[in-house]
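Protein sequence lines correspond, in order, to chains H, V and X.
Residue numbering for the first sequence follows UniProt numbering, beginning at 1 and increasing consecutively.
Residue numbering for the second sequence follows UniProt numbering, beginning at 1 and increasing consecutively.
Residue numbering for the third sequence follows UniProt numbering, beginning at 1 and increasing consecutively.
Think of the hints as simulated: they come from the structure by calculation, not from any bench.
Please note that a few of the clues may not be correct.
[To be verified] Distance condition first, Cα-Cα at most 25 Å in a straight line; then the derived PhoX-like pairs of lysine-lysine:
#, chain 1, residue 1, chain 2, residue 2
1, X, Lys-217, H, Lys-149
2, X, Lys-80, H, Lys-168
3, X, Lys-117, H, Lys-168
4, X, Lys-240, V, Lys-117
5, H, Lys-13, V, Lys-149
6, V, Lys-149, H, Lys-217
7, H, Lys-217, X, Lys-117
8, V, Lys-80, V, Lys-240
9, X, Lys-240, X, Lys-13
10, X, Lys-80, X, Lys-117
11, V, Lys-168, H, Lys-80
12, V, Lys-80, X, Lys-217
13, H, Lys-240, H, Lys-217
14, X, Lys-149, X, Lys-254
15, H, Lys-117, V, Lys-168
16, H, Lys-13, H, Lys-168
17, X, Lys-117, H, Lys-149
18, V, Lys-217, H, Lys-80
19, X, Lys-168, V, Lys-91
20, V, Lys-91, X, Lys-149
21, H, Lys-13, V, Lys-168
22, V, Lys-117, X, Lys-149
23, H, Lys-168, X, Lys-13
24, X, Lys-231, V, Lys-13
25, H, Lys-13, H, Lys-217
26, V, Lys-168, V, Lys-231
27, V, Lys-91, V, Lys-80
28, V, Lys-80, X, Lys-168
29, H, Lys-91, V, Lys-149
30, X, Lys-13, H, Lys-149
31, V, Lys-164, V, Lys-231
32, H, Lys-168, H, Lys-149
33, H, Lys-168, X, Lys-91
34, H, Lys-149, X, Lys-91
35, V, Lys-149, V, Lys-217
36, H, Lys-149, X, Lys-164
37, X, Lys-168, X, Lys-231
38, X, Lys-164, X, Lys-231
39, H, Lys-80, V, Lys-149
40, H, Lys-80, H, Lys-240
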Amino acid sequence: MFEARLVQGALLKKLLEATRELITEANFEVSNTGISLQAMDSSHVSLVALQLRSDGFEHFRCDRTFSMGLNLNNMNKMLKCAGNDDVITMKADETADVVSFVFESPDQGRVSEFELKLMDITSENLGIPDTEYSATVSMPSSEFQRIMKDLGSIGDTVELSVTKEGIKFSTSGDIGSANVICRQTNHVDKKEEPTHIDMNEPVALTFALRYLINFTKATSLSPSVVIKLSKELPVVVEYKCADMGYVRYYLAPKIEDEEEMGE
Amino acid sequence: MFEARLVQGALLKKLLEATRELITEANFEVSNTGISLQAMDSSHVSLVALQLRSDGFEHFRCDRTFSMGLNLNNMNKMLKCAGNDDVITMKADETADVVSFVFESPDQGRVSEFELKLMDITSENLGIPDTEYSATVSMPSSEFQRIMKDLGSIGDTVELSVTKEGIKFSTSGDIGSANVICRQTNHVDKKEEPTHIDMNEPVALTFALRYLINFTKATSLSPSVVIKLSKELPVVVEYKCADMGYVRYYLAPKIEDEEEMGE
Amino acid sequence: MFEARLVQGALLKKLLEATRELITEANFEVSNTGISLQAMDSSHVSLVALQLRSDGFEHFRCDRTFSMGLNLNNMNKMLKCAGNDDVITMKADETADVVSFVFESPDQGRVSEFELKLMDITSENLGIPDTEYSATVSMPSSEFQRIMKDLGSIGDTVELSVTKEGIKFSTSGDIGSANVICRQTNHVDKKEEPTHIDMNEPVALTFALRYLINFTKATSLSPSVVIKLSKELPVVVEYKCADMGYVRYYLAPKIEDEEEMGE
Chain H
1 MFEARLVQGA LLKKLLEATR ELITEANFEV SNTGISLQAM DSSHVSLVAL QLRSDGFEHF
61 RCDRTFSMGL NLNNMNKMLK CAGNDDVITM KADETADVVS FVFESPDQGR VSEFELKLMD
121 ITSENLGIPD TEYSATVSMP SSEFQRIMKD LGSIGDTVEL SVTKEGIKFS TSGDIGSANV
181 ICRQTNHVDK KEEPTHIDMN EPVALTFALR YLINFTKATS LSPSVVIKLS KELPVVVEYK
241 CADMGYVRYY LAPKIEDEEE MGE
Chain V
1 MFEARLVQGA LLKKLLEATR ELITEANFEV SNTGISLQAM DSSHVSLVAL QLRSDGFEHF
61 RCDRTFSMGL NLNNMNKMLK CAGNDDVITM KADETADVVS FVFESPDQGR VSEFELKLMD
121 ITSENLGIPD TEYSATVSMP SSEFQRIMKD LGSIGDTVEL SVTKEGIKFS TSGDIGSANV
181 ICRQTNHVDK KEEPTHIDMN EPVALTFALR YLINFTKATS LSPSVVIKLS KELPVVVEYK
241 CADMGYVRYY LAPKIEDEEE MGE
Chain X
1 MFEARLVQGA LLKKLLEATR ELITEANFEV SNTGISLQAM DSSHVSLVAL QLRSDGFEHF
61 RCDRTFSMGL NLNNMNKMLK CAGNDDVITM KADETADVVS FVFESPDQGR VSEFELKLMD
121 ITSENLGIPD TEYSATVSMP SSEFQRIMKD LGSIGDTVEL SVTKEGIKFS TSGDIGSANV
181 ICRQTNHVDK KEEPTHIDMN EPVALTFALR YLINFTKATS LSPSVVIKLS KELPVVVEYK
241 CADMGYVRYY LAPKIEDEEE MGE
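When you get a sec, could you build the whole thing from the sequences and use the hints?
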């Protein structure tokens with residue numbers, strides 16, 4: 001028996017919007033510590049990991065650990081039927097072949113129950129190693145989203161380079177080139193989220209823009225995004241989910257010239 | 001000579017938006033009591049009836065009863081050219097082959113005259129009998145619209161079942177199933193339109209969702225919708241038009257299992 | 001060396017939106033008096049002329065006159081990446097093959113530099129003669145936009161006829177006909193831009209609607225539009241750009257019946 005009641009149901013709606021294009025099917029692991037998911041996109045280039053801790057739910061019960069295979073587009077179809085102010089309860093039985101979503105309107109006038117069929121999905125858990133990163137950048141998520149979209153209209157790849165002063169995004173394509181510099185903001189009096197750089201050594205890595213653009217579908221989850229970079233390691237793009245978890249995207253850097261790489 | 005001046009011209013724009021997809025051509029009957037229209041959709045499954053009483057117009061003159069055959073999409077193209085605050089005057093002569101729409105901006109700075117060609121449309125008046133219904137449900141029109149749209153993403157048909165406690169909408173499809181319960185709201189202190197059930201006996205009927213979804217194009221006409229149900233009879237979905245009339249949609253229920261029906 | 005810094009960068013964004021569909025490639029002429037452009041649309045039916053005077057820029061330097069051939073769709077792609085509150089600086093060297101656009105966010109936190117490749121474009125300067133027009137109409141640009149769009153849903157051409165009382169727009173098509181009259185507004189107390197007629201003699205000319213509709217993409221540049229008409233001459237549709245320039249569109253009238261024209 002699994003049952004989890006989430007007062008801010010909109011969070012679950014946003015999580016699905018943030019992941020369903022990248023990963024169409026995935027296993028949700030439920031245990032007494034919470035709900036987690038890990039999956040590679042269909043082209044096996046990027047990885048999504050999400051975590052919602054049990055203590056963030058109004059009510060959470062999970063008698064034993066199990067996993068539910070779900071089609072995320074179908075789950076999204078159902079969650080779209082929840083109002084933004086609705087309380088959402090997820091329910092499932094270890095032996096059943098459906099998961100239930102119950103949506104309650106704030107005044108209790110409307111109660112909806114949606115049952116989604118489960119699927120068998122084979123997936124390996126990928127065990128992401130905990131790494132010390134060369135540079136960690138925190139910046140307004142809307143700013144990051146906008147820059148990715150803007151550069152996507154010029155080129156196919158983007159170089160992220162971090163120095164003490166800021167983070168630079170560079171691209172080039174047929175019509176020309178572009179680079180955007182976001183400076184570290186030290187003044188705390190701003191209304192916007194600050195841009196903050198935490199760096200051990202300068203780092204510059206190149207990524208496929210279309211994946212980064214896809215990651216920014218999580219923008220509505222959090223006002224800030226954290227970007228972690230280390231040479232030859234996948235970038236981590238992380239959005240916090242309220243105080244109860246996160247969604248993280250991983251993407252391996254492009255190796256632009258095989259000849260020069262011998263390390 | 002027919003001439004009708006409507007100060008709240010936006011009402012006519014909304015009426016066209018509410019009907020033009022279902023019925024592409026129809027005869028508008030004008031008489032000294034007002035304007036009315038009755039037409040089946042092109043697949044002959046649902047019926048639309050609308051009525052605008054003459055006393056709702058600022059000025060209304062109709063020397064003798066006649067009917068104007070109009071293409072509703074073309075009429076809609078012209079009415080879309082009226083501003084939402086414009087006064088609309090309809091004018092036609094029994095012998096002419098056009099109807100005129102005059103739009104006056106509130107400050108009289110702009111006056112537009114559109115002439116729409118009339119068509120010969122053969123139509124039988126269907127004579128809808130006045131029936132006592134088993135259950136009459138009044139609910140917020142936006143809520144009804146939303147539920148129809150939501151369930152339309154899951155299944156093709158919807159069962160409406162009414163009890164003293166409320167109205168339940170149920171559907172199922174390939175990906176799973178859904179049901180939404182709207183409870184009767186007795187408290188009057190709410191800002192929203194109440195959900196009110198008036199019932200002689202419980203009734204449960206199944207309908208094609210896509211027609212009900214189409215009916216909800218009338219949502220902007222009125223904050224509430226009235227749904228009337230009786231066993232084996234077409235459902236009536238009614239939206240009031242200010243204090244001067246209504247648009248009503250009729251749709252026959254689905255008979256799901258011919259075997260079980262012997263009544 | 002050419003460098004021009006425009007505080008209200010949004011103006012440049014709007015100018016591109018106003019021209020890029022009509023003319024896909026054009027030479028921007030830069031000199032110490034400012035920036036200008038003149039180009040025919042790809043079908044050689046209409047002409048666009050724009051002018052930005054150097055005194056409207058916060059900083060303007062142009063050592064010698066030269067022209068930059070630009071693809072306006074590509075330039076638009078880059079200018080779309082500027083925020084509406086960004087300061088935009090254009091930079092180019094007479095000998096270089098790129099033009100740079102630098103966007104600075106108001107708080108200086110973000111600085112973007114886009115380099116657009118130049119093109120060789122052969123163009124003749126058309127030398128538009130300065131003419132005395134029979135009628136000059138000034139009216140709210142949003143009103144003009146709306147009327148063009150509305151009539152475009154009915155017919156292909158529009159007759160503009162000006163009298164002392166106002167300007168009339170007429171069209172007809174398969175479904176019927178339409179005419180819209182905008183009266184001269186003499187009262188100054190209105191919030192809207194006035195409709196003002198300055199006329200030597202009545203004039204009535206017919207134009208292809210789709211070009212006029214295209215011209216109204218400049219609507220966001222100015223709250224009013226000026227329309228200048230003379231018999232047998234192209235109409236001029238002019239939008240002012242702040243206090244520093246304008247964009248003008250020219251379109252030749254239709255000659256509806258060759259037989260009747262012998263003048």
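Comparing the hints with the structure gives:
1. The straight-line distance between the Cα atoms of X:Lys-217 and H:Lys-149 is roughly 24 Å, inside the 25 Å bound, and the hint therefore holds.
2. Between X:Lys-80 and H:Lys-168 the alpha-carbon distance is near 19 Å, which keeps this suggested pair within the 25 Å criterion.
3. For the given pair, X:Lys-117 sits about 22 Å from H:Lys-168 by alpha-carbon distance, which is consistent with the 25 Å threshold.
4. With a C-alpha separation of about 40 Å, the suggested pair X:Lys-240 and V:Lys-117 falls outside the 25 Å cut-off, and the hint is violated.
5. Among the hinted pairs, H:Lys-13 with V:Lys-149 is consistent with the structure: their alpha-carbon atoms are about 17 Å apart, no more than 25 Å.
6. For a cut-off of 25 Å, the pair hint linking V:Lys-149 to H:Lys-217 stands: about 24 Å separates their Cα positions.
7. Proximity of H:Lys-217 to X:Lys-117 is assessed by CA-CA distance (about 31 Å); at most 25 Å being required, the pair is judged violated.
8. As the CA atoms of V:Lys-80 and V:Lys-240 are separated by approximately 21 Å, the hinted pair is consistent with the 25 Å bound.
9. Annotation: proposed proximity of X:Lys-240 to X:Lys-13 holds, straight-line Cα distance about 15 Å (limit 25 Å).
10. At roughly 17 Å between alpha-carbon atoms, X:Lys-80 and X:Lys-117 fall within 25 Å of each other, so this suggested pair holds.
11. Under the criterion of a C-alpha separation no larger than 25 Å, the hint pairing V:Lys-168 with H:Lys-80 is consistent with the structure, at around 19 Å.
12. Pair hint V:Lys-80 plus X:Lys-217 holds up; C-alpha atoms about 20 Å apart against a cutoff of 25 Å.
13. Of the pairs offered as hints, the one joining H:Lys-240 and H:Lys-217 holds, with about 13 Å between alpha carbons and a cut-off of 25 Å not exceeded.
14. Distance check on the hinted pair: X:Lys-149 and X:Lys-254 sit about 19 Å apart at the alpha-carbon level, within 25 Å; holds.
15. Pair hint H:Lys-117 plus V:Lys-168 holds up; C-alpha atoms about 22 Å apart against a cutoff of 25 Å.
16. Taking the CA atoms of H:Lys-13 and H:Lys-168, the gap is near 32 Å; set against the 25 Å cutoff, the hint is violated.
17. At roughly 21 Å between alpha-carbon atoms, X:Lys-117 and H:Lys-149 fall within 25 Å of each other, so this suggested pair holds.
18. Restraint check for V:Lys-217 and H:Lys-80: satisfied, since their Cα atoms lie roughly 20 Å apart, inside the 25 Å limit.
19. The straight-line distance between the Cα atoms of X:Lys-168 and V:Lys-91 is roughly 21 Å, inside the 25 Å bound, and the hint therefore holds.
20. Between V:Lys-91 and X:Lys-149 the CA atoms are separated by roughly 24 Å; this keeps the pair inside 25 Å, and the hint holds.
21. About 24 Å separates the Cα atoms of H:Lys-13 and V:Lys-168, which keeps this hinted pair within 25 Å; it holds.
22. Restraint check for V:Lys-117 and X:Lys-149: satisfied, since their Cα atoms lie roughly 20 Å apart, inside the 25 Å limit.
23. A threshold of 25 Å between alpha carbons decides the hint, and for H:Lys-168 with X:Lys-13 the separation of about 24 Å falls inside it, so the pair holds.
24. Using a Cα cut-off of 25 Å, the hinted pair X:Lys-231 and V:Lys-13 is violated, with the two alpha carbons roughly 38 Å apart.
25. The suggested pairing of H:Lys-13 with H:Lys-217 holds, with an alpha-carbon distance near 12 Å, which does not exceed 25 Å.
26. Restraint check for V:Lys-168 and V:Lys-231: satisfied, since their Cα atoms lie roughly 16 Å apart, inside the 25 Å limit.
27. Simply put, V:Lys-91 and V:Lys-80 have alpha-carbon atoms about 17 Å apart, close enough for the 25 Å limit, and the pair holds.
28. Pair hint V:Lys-80 plus X:Lys-168 holds up; C-alpha atoms about 19 Å apart against a cutoff of 25 Å.
29. Using a Cα cut-off of 25 Å, the hinted pair H:Lys-91 and V:Lys-149 holds, with the two alpha carbons roughly 24 Å apart.
30. As the CA atoms of X:Lys-13 and H:Lys-149 are separated by approximately 17 Å, the hinted pair is consistent with the 25 Å bound.
31. With a C-alpha separation of about 16 Å, the suggested pairing of V:Lys-164 with V:Lys-231 holds against the 25 Å cut-off.
32. Taking the CA atoms of H:Lys-168 and H:Lys-149, the gap is near 15 Å; set against the 25 Å cutoff, the hint holds.
33. The suggested pairing of H:Lys-168 with X:Lys-91 holds, with an alpha-carbon distance near 21 Å, which does not exceed 25 Å.
34. Only pairs whose Cα atoms come within 25 Å are accepted, and H:Lys-149 paired with X:Lys-91 is accepted, the gap being roughly 24 Å.
35. A hinted pair counts as satisfied when its Cα atoms are at most 25 Å apart, and V:Lys-149 with V:Lys-217 qualifies at roughly 11 Å.
36. Simply put, H:Lys-149 and X:Lys-164 have alpha-carbon atoms about 51 Å apart, too far for the 25 Å limit, and the pair is violated.
37. Proximity of X:Lys-168 to X:Lys-231 is assessed by CA-CA distance (about 16 Å); at most 25 Å being required, the pair is judged to hold.
38. A distance of roughly 16 Å separates the Cα atoms of X:Lys-164 and X:Lys-231; the hinted pair therefore holds under the 25 Å criterion.
39. Restraint check for H:Lys-80 and V:Lys-149: satisfied, since their Cα atoms lie roughly 10 Å apart, inside the 25 Å limit.
40. Under the criterion of a C-alpha separation no larger than 25 Å, the hint pairing H:Lys-80 with H:Lys-240 is consistent with the structure, at around 21 Å.
Hint check: violations occur at hints 4, 7, 16, 24, 36; the rest are consistent with the structure.
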